[in-house]
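Per UniProt numbering, the sequence shown runs over residues 1 to 754.
A few of these clues could be false.
Claimed, not checked - Result set (BS3-like, lysine-lysine): computed pairs, CA atoms no more than 25 Å apart in a straight line:
| no. | residue 1 | residue 2 |
| --- | --- | --- |
| 1 | K486 | K574 |
| 2 | K486 | K368 |
| 3 | K368 | K318 |
| 4 | K391 | K266 |
| 5 | K57 | K368 |
| 6 | K391 | K61 |
| 7 | K318 | K391 |
To be verified - Have a look at the derived ranges for each label pair, beta carbon to beta carbon:
| no. | residue 1 | residue 2 | range |
| --- | --- | --- | --- |
| 8 | D694 | G446 | 25 to 35 Å |
| 9 | G389 | Q732 | 24 to 34 Å |
| 10 | V341 | G532 | 48 to 58 Å |
| 11 | D216 | D76 | 38 to 48 Å |
| 12 | S301 | G125 | 39 to 49 Å |
| 13 | A666 | G479 | 57 to 67 Å |
| 14 | T314 | G175 | 31 to 41 Å |
Note that these hints are calculated values from the structure, not bench results.
Where is the CB? At the ideal position from N, CA and C, for every residue including glycine.
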Amino acid sequence: MSRPRSTAVRRLGAFVAVVLMATAGPAVLPAGAATGTGSLPGAAPAATADATAPVLKPGDKVLGMGRTGFLSQDADDYTLVRWTRLADGAVTTFPYTSRLHLSRDSDIAVLHTRATTTLQDLATGTDLFSVPLNWDRYAGAVGSHLFFRADLSGHGPLDVYSPGPDGPVRRTVTGLPEGAFELHVVAGADGEALVRYFTGEGTTAAAEHLAIVDLDSATVTSSRPIPAGGPMEWSAYAFSSGYVAWTEYDSGGGTSVVVLDRSTQKVQRFPMPTPGRLLLGLAGDWVTYSRPGGLLAEEASTLIPLTARSLTGTTTRKVLDHTVSGFETAGDTLGFLGGTVAGGEGLYRVAPGTDGVPVATRLAATGKPTQVTLLGQAVPTTVDLDLTGGKLPMSWVLSRTNVTMWVTFRNTRTGESITEYVAQPERGADPQPTRFDWNGTLNWQGNPNFWTSASAGPYTWEISASPLNRVGPTLKASGSFTVTRKTGAHDYDSDGSPDILARDQSGNLWLQDVHYREGWREAYQNPDSLVGGGWQAYDRIEATGNIAGAAAPELVARDRSGVLWLYQGTGNGKAPFTTRTRIGGGWQAYTLLTGGSDLTGDGRPDLVATDGSGRLWLYRSTGSATAPFAARRLIGSGGWQTYDRIVATGNLAGAAAGDLVACDRAGVLWLYLGKGDGTFAARTRLGGGWQNYDDLIGPGDTDRDGKPDLYAADINDAIPAPFLYRGTGAWQGPFGPGERVELVQDSREFNLSA
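Hey, can you work out the whole structure from these sequences and the hints?
Here it is, written out as structure tokens:
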């Protein structure tokens, strides 16, 4: 079985921590922390065993695995050590105040106190013997045999203590060279111990050796030098009746697993893809290797799984998906703390099957999955994006976060979607929440190069979390939620953002979706989307807001005979209007029309019109599709012929009523503040230079700051370049400076817009 070792320095303390590791390490228990009973020397009477199925708490540290049970340290109370019997799950606890671990190739526990070292057979609960030697000179244990070095400096000779009729029998191991130092038992099986030692202390010729010691005779039966190179804490060893395995490092930093056939002395070398620590094991005619800790690795490696390689052929098999630690048990049997996708996390026995190929059997489960699993989620079922600033906070709890994670949001009504990368937490222990704030944006009409605001309606989310280490499949999970938001005056697709309507020279009407990108603090106009043809029949089109009670803003259009028609909104950007409804004739009397401001304080937008005599008329909306306007009312007796454009903007100055701006023929823009009774206060001059724009539109609130804006198209460009004047909320200066609206537009020309 694999054993990491310490750096080969000239003092015992450099490898004391390695002696009891059995890969996972010993339990080091502080004095005064006892909470139960046990049967080792110096303890109270034995604890009562609990007959349950063998289990491990998540996070429990396995200290060793024997023939009939395993030793573990509690994840929450490190002073509590348990021996769990595999046959029935019976548990005995050991709240000891010193070091406790398993002897190799046995069920025998080794307990160190300040003055003594004791062996106890955990399978029977009986003490074997004690010796008046402590941890400082300890070199290892195999079965019922204890090894101690001669002095505290780590030098030989090496003594072995074994049970005798009158107490422990001490013998000195023969066959070790003079001057051997840093002696340590690194493996043991079938009445033999594998001892690692060094020669050539204090010289450049210092070398590592492995020796096989027969436990009955305390004699070295064979030894072999091991090439130097590589960090010694990465070294690993495995030992059986047929083979010896170890790791070697070349001058270039490469790592190889080396296996010696003890009967033929044939050596096989298996280069590893990357250097580093390995767990080694031997199971029949197979060598196993794995890099422990791979479950939390952030990159894939062929060394993460426990791989078994045939020593009589070229076959390899994956035995476990990953390992945490490994243990010698007995004969050809190995023990591993690790996991498989099928079996989850736990303690596994690996042994040759009926065909001789190593197979894994789970002995105790932690209840934790090996594959990435969704443990919980916090995604609201409904979100009002107007109230949350356009964001939807959400989180998911994954069993582990070493993943590449994406989330896809899909509007099931429109089909529009977006896929976003989800960053994982940088700190903290798993499981922990992975948090993500969706900004309420989708890819416009499925085009990944354009974006649009999420419209109201039903949505789904789906996460995809692919393990960085490739341990287990990609996790996929999904759910649903509903988006609600108010529809703006120019919002024909119910996404909370304004849309511009424009007619081309052929009479086709196009919808231009405007999306405000919060991160860039700019408005962006998506490519034109065709509404339909035949609109050359009209000489005026005007966005009115919701005047007739539809679910979305509406549109009025005047044909060339003076008949006004109503198009009710659907909220669907792909088909934004219903079939037209006739409002009435005689509208050819008006030169200008505008709608969208609530001038009467009833909560509905109204329509105003100027006639050829310069008078201004109010048409109060009724909310009825069959008769959307009340009888007209004169609100301006003259002078309005001076304006060539009027725009109902909504509430610019924060008062209760909607407002209106008008541009005179000299290019001066004027503000008319609504009083709420259908009339206006005296006009206020806003400034000149507006003759550079041939289109002025009141789009509503483009940047979601609660204040209506003004949209203007520049006639000086071959393709009119729009500008956005964001509302300030102050009547003295209701608009900020013009900001270019980025757009993608085909080479078509428009002659009418709303």
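Could you tell me which of the numbered hints above are not met by this structure, giving the numbers in increasing order? 2, 4, 6 and 7
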